[in-house]
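Student: Residue numbers (this note's numbering), protein chains in the order written: chain A, 1 to 113; chain B, 114 to 224.
Just so you know, the hints here were simulated from the structure itself, not pulled from any lab data.
Beta carbons are placed, not taken as given, at the ideal position from N, Cα and C, and that holds for glycine.
Where hints are given, some of them may not hold.
Stated by the list, open to error - Each computed SDA-like pair below joins lysine to any residue, with the alpha-carbon atoms no more than 25 Å apart:
no.	chain 1	residue 1	chain 2	residue 2
1	B	K169	A	R36
2	B	K173	A	A2
3	A	K7	B	G156
4	B	K190	B	L161
5	B	K181	A	G40
6	B	K219	A	Q51
7	A	K7	B	A199
8	B	K173	A	R10
9	B	K165	A	A2
10	B	K223	A	R36
11	B	K219	A	T111
12	B	K190	A	G40
13	B	K169	B	P224
14	A	K7	B	L159
15	B	K219	A	Q41
16	B	K219	A	R109
17	B	K219	A	P71
18	A	K7	A	Q51
19	B	K190	A	S42
Claimed, not checked - Pulled from the structure, derived: some chain B residues nowhere near chain A, Cβ distances all over 10 Å:
no.	residue
20	T139
21	E155
22	Q158
23	K162
24	D168
25	S171
26	T178
27	K181
28	K190
29	Q194
30	S198
31	T206
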Amino acid sequence: SAVISQKPSRDICQRGTSLTIQCQVDSQVTMMFWYRQQPGQSLTLIATANQGSEATYESGFVIDKFPISRPNLTFSTLTVSNMSPEDSSIYLCSVEGVGTEAFFGQGTRLTVV
Amino acid sequence: GDSVTQMEGPVTLSEEAFLTINCTYTATGYPSLFWYVQYPGEGLQLLLKATKADDKGSNKGFEATYRKETTSFHLEKGSVQVSDSAVYFCALTNSNYQLIWGAGTKLIIKP
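Extracted from the complex, chain A is given alone in its bound form (with noise of 0.2 Å):
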């Protein structure tokens, strides 16, 4: 199992301004995650942190809007740049096993006004 510190668990941030959200394993990990969830909606996976290579963004996500560092195993960040209030979401970070269940963080619950 993993253990995962993800923080802040939120933050009202003014538009036009940037936060950046921090995500702490206790364990080393190869890949990390960052998904969305908007309110009601599902989890949309945002892009994939590898140590030591740049992430691999999905679909309709960039990285100039969502910069992300993973500078070690145990740790990554995402920043959400020049926010706007459809930014308001739940981010996630999370760490999966081939086959096995996901760990997440306990989420950053962003609203921005």
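Once you've looked at the hints, dock chain B against the given chain A.
Tutor: Chain B alone, transformed into the frame defined by chain A:
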């Protein structure tokens, strides 16, 4: 592409009622199947899983059986409690090791 379809919510039940939340999937090969739960104000956590056909996952009184013939993984509980109120997500990992999510079903249990 691979997909997961689950019944729309919200599902509203009285305490001690029988619960079924339907989940069907489309995937090549032999995916692993999961139910995740998200309690109000909390993150996602695994509820149960099944990794091959006819496996039954169970936890906290919830059960789901991997039915390959009907490509289903329906979640059931014999007697729900108010504390079961949450959003439930059906998911699978496919042959490319991607995690595919259903839309989620909100469950409301009334005392």
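Student: Are the hints correct? Go through all of them and say.
Tutor: Verification of the hints:
Restraint check for K169 of chain B and R36 of chain A: the C-alpha separation of about 30 Å exceeds 25 Å, so the hint is violated. The suggested pairing of K173 of chain B with A2 of chain A holds, with an alpha-carbon distance near 21 Å, which does not exceed 25 Å. For the hint linking K7 of chain A to G156 of chain B, the alpha-carbon distance of about 12 Å falls within 25 Å, and the restraint holds. As the CA atoms of K190 of chain B and L161 of chain B are separated by approximately 12 Å, the hinted pair is consistent with the 25 Å bound.
For a cut-off of 25 Å, the pair hint linking K181 of chain B to G40 of chain A is broken: about 29 Å separates their Cα positions. Taking the CA atoms of K219 of chain B and Q51 of chain A, the gap is near 35 Å; set against the 25 Å cutoff, the hint is violated. Annotation: proposed proximity of K7 of chain A to A199 of chain B holds, straight-line Cα distance about 23 Å (limit 25 Å). For the hint pairing K173 of chain B with R10 of chain A, the CA-to-CA distance comes to about 29 Å; that exceeds 25 Å, so the pair is violated.
As the CA atoms of K165 of chain B and A2 of chain A are separated by approximately 23 Å, the hinted pair is consistent with the 25 Å bound. The suggested pairing of K223 of chain B with R36 of chain A is violated, with an alpha-carbon distance near 30 Å, which exceeds 25 Å. Restraint check for K219 of chain B and T111 of chain A: satisfied, since their Cα atoms lie roughly 22 Å apart, inside the 25 Å limit. Simply put, K190 of chain B and G40 of chain A have alpha-carbon atoms about 23 Å apart, close enough for the 25 Å limit, and the pair holds.
As the CA atoms of K169 of chain B and P224 of chain B are separated by approximately 29 Å, the hinted pair breaks the 25 Å bound. Restraint check for K7 of chain A and L159 of chain B: satisfied, since their Cα atoms lie roughly 21 Å apart, inside the 25 Å limit. Simply put, K219 of chain B and Q41 of chain A have alpha-carbon atoms about 11 Å apart, close enough for the 25 Å limit, and the pair holds. With a C-alpha separation of about 18 Å, the suggested pair K219 of chain B and R109 of chain A falls inside the 25 Å cut-off, and the hint holds.
Proximity of K219 of chain B to P71 of chain A is assessed by CA-CA distance (about 37 Å); at most 25 Å being required, the pair is judged violated. Under the criterion of a C-alpha separation no larger than 25 Å, the hint pairing K7 of chain A with Q51 of chain A is consistent with the structure, at around 20 Å. Between K190 of chain B and S42 of chain A the alpha-carbon distance is near 22 Å, which keeps this suggested pair within the 25 Å criterion. The Cβ of T139 of chain B sits about 16 Å from the closest Cβ of chain A, beyond the 10 Å cut-off, so the non-interface label holds.
Non-interface call for E155 of chain B relative to chain A: violated, since the shortest CB-CB distance, roughly 7 Å, does not exceed 10 Å. Distance check for Q158 of chain B against chain A: the nearest CB is about 7 Å away, which does not clear 10 Å, and the non-interface claim fails. Not every beta carbon of chain A lies more than 10 Å from that of K162 of chain B, the smallest distance being close to 6 Å; the non-interface claim is violated. Look at D168 of chain B: its CB is around 12 Å from the nearest CB on chain A, clear of 10 Å, so calling it non-interface holds up.
Residue placement check: S171 of chain B keeps its beta carbon more than 10 Å from all beta carbons of chain A (closest about 14 Å). The Cβ of T178 of chain B lies farther than 10 Å from every Cβ of chain A, with a closest approach of about 18 Å, so its non-interface assignment holds. With a least CB separation of 16 Å from chain A, K181 of chain B remains clear of the 10 Å interface cut-off, as annotated. Every Cβ of chain A is farther than 10 Å from the Cβ of K190 of chain B; the closest lies at roughly 19 Å, confirming the non-interface assignment.
Every CB of chain A lies more than 10 Å from the CB of Q194 of chain B, the least distance being 23 Å, so the non-interface label holds. Residue-level check passed: S198 of chain B sits 16 Å from the nearest beta carbon of chain A, beyond 10 Å. With a minimum CB-CB distance of about 6 Å to chain A, T206 of chain B fails to clear the 10 Å threshold, and the non-interface call is violated.
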